[in-house]
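Produce the complete structure using the sequences and hints provided.
Each chain, written out:
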Amino acid sequence: MAKTELSRKTKTEIEDSSSLKGTLASVFLLGFFLIITWAGVYSLFISRF
Amino acid sequence: MHMHKFEKAWLTFGIGSLLVFLTVLGVSAFYLGNQPPSCLATIDPEKVDTTAPFNEPGLKKVEGKDWDYELVYVASAFSYSPAEVEVPYGAKVKIIATTKDVVHGFEVAGSNINMMLEPGYISEHITTFDKTGEYLIVCNEYCGVGHHMMSSKIKVVE
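Residue numbers (our numbering), protein chains in the order written: chain G, 267 to 315; chain H, -9 to 148.
Derived from the structure by calculation, the hints contain no laboratory data. Predicted, not measured: the structure shown is a model, and the values here were computed from it. Do not take every clue at face value.
[What the hints assert, rightly or not] Distance condition first, Cα-Cα at most 27 Å in a straight line; then the derived DSS-like pairs of lysine-lysine:
no.: 1; chain 1: H; residue 1: K50; chain 2: H; residue 2: K145
no.: 2; chain 1: H; residue 1: K90; chain 2: H; residue 2: K143
no.: 3; chain 1: H; residue 1: K82; chain 2: H; residue 2: K50
no.: 4; chain 1: G; residue 1: K287; chain 2: H; residue 2: K(-5)
no.: 5; chain 1: H; residue 1: K145; chain 2: H; residue 2: K55
no.: 6; chain 1: H; residue 1: K(-2); chain 2: G; residue 2: K287
As structure tokens, then:
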């Protein structure tokens, strides 16, 4: 006969061990690349008549 | 809502950069007065030759304006009038240009002057020529078989 499992205790594992270090590094790398290229083009615009 | 501190960092960075870029754009437009070259000024393209200032293309000294000279150009297939012009070094010049026929380009190579000339519209650009030399003006909008031969010259002289 089937048993009811009213008192079943299963824990949902929340994965909290994932590191965002790589993501942080790539986001800022892209960010700085955009800022440097933007500033380069802007300074070219400013320096020419 | 829980947010990872790294997420907060890059969101702050991204939104901050956006604000900086938009501020630069706003200052350029509303404080420095930068506007698109063709800004609401129109002309009858059939009557360019008889409409001032296009009836006398070339460099003209003006008084009582924010700029010292007005440089008027008329473009048509496949040339610019005037074909060559001498501008004194350090002069603040308003370039005023239009076209008689089709869409032409107006690019002073190696400078920020780059406009589209559309029939019926007047394109303008104010600049100070603070570097001497010869500057080539080229058409950068394909206008027909002679497009590649369409050019003019600005000489900035002491």
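Results of checking the hints against the structure:
In summary, the hint linking K50 (chain H) to K145 (chain H) is supported, as the alpha carbons are separated by about 15 Å, within the 27 Å threshold. Taken as a hint, the K90 (chain H) and K143 (chain H) pair is honoured in the structure, with Cα atoms around 20 Å apart against an allowance of 27 Å. In summary, the hint linking K82 (chain H) to K50 (chain H) is supported, as the alpha carbons are separated by about 12 Å, within the 27 Å threshold. Distance restraint check for K287 (chain G) and K(-5) (chain H): the Cα-Cα separation of roughly 11 Å lies within the 27 Å cut-off, and the hinted pair is therefore satisfied.
About 23 Å separates the Cα atoms of K145 (chain H) and K55 (chain H), which keeps this hinted pair within 27 Å; it holds. A hinted pair counts as satisfied when its Cα atoms are at most 27 Å apart, and K(-2) (chain H) with K287 (chain G) qualifies at roughly 13 Å.
In terms of the numbered hints stated before, the structure departs from none.
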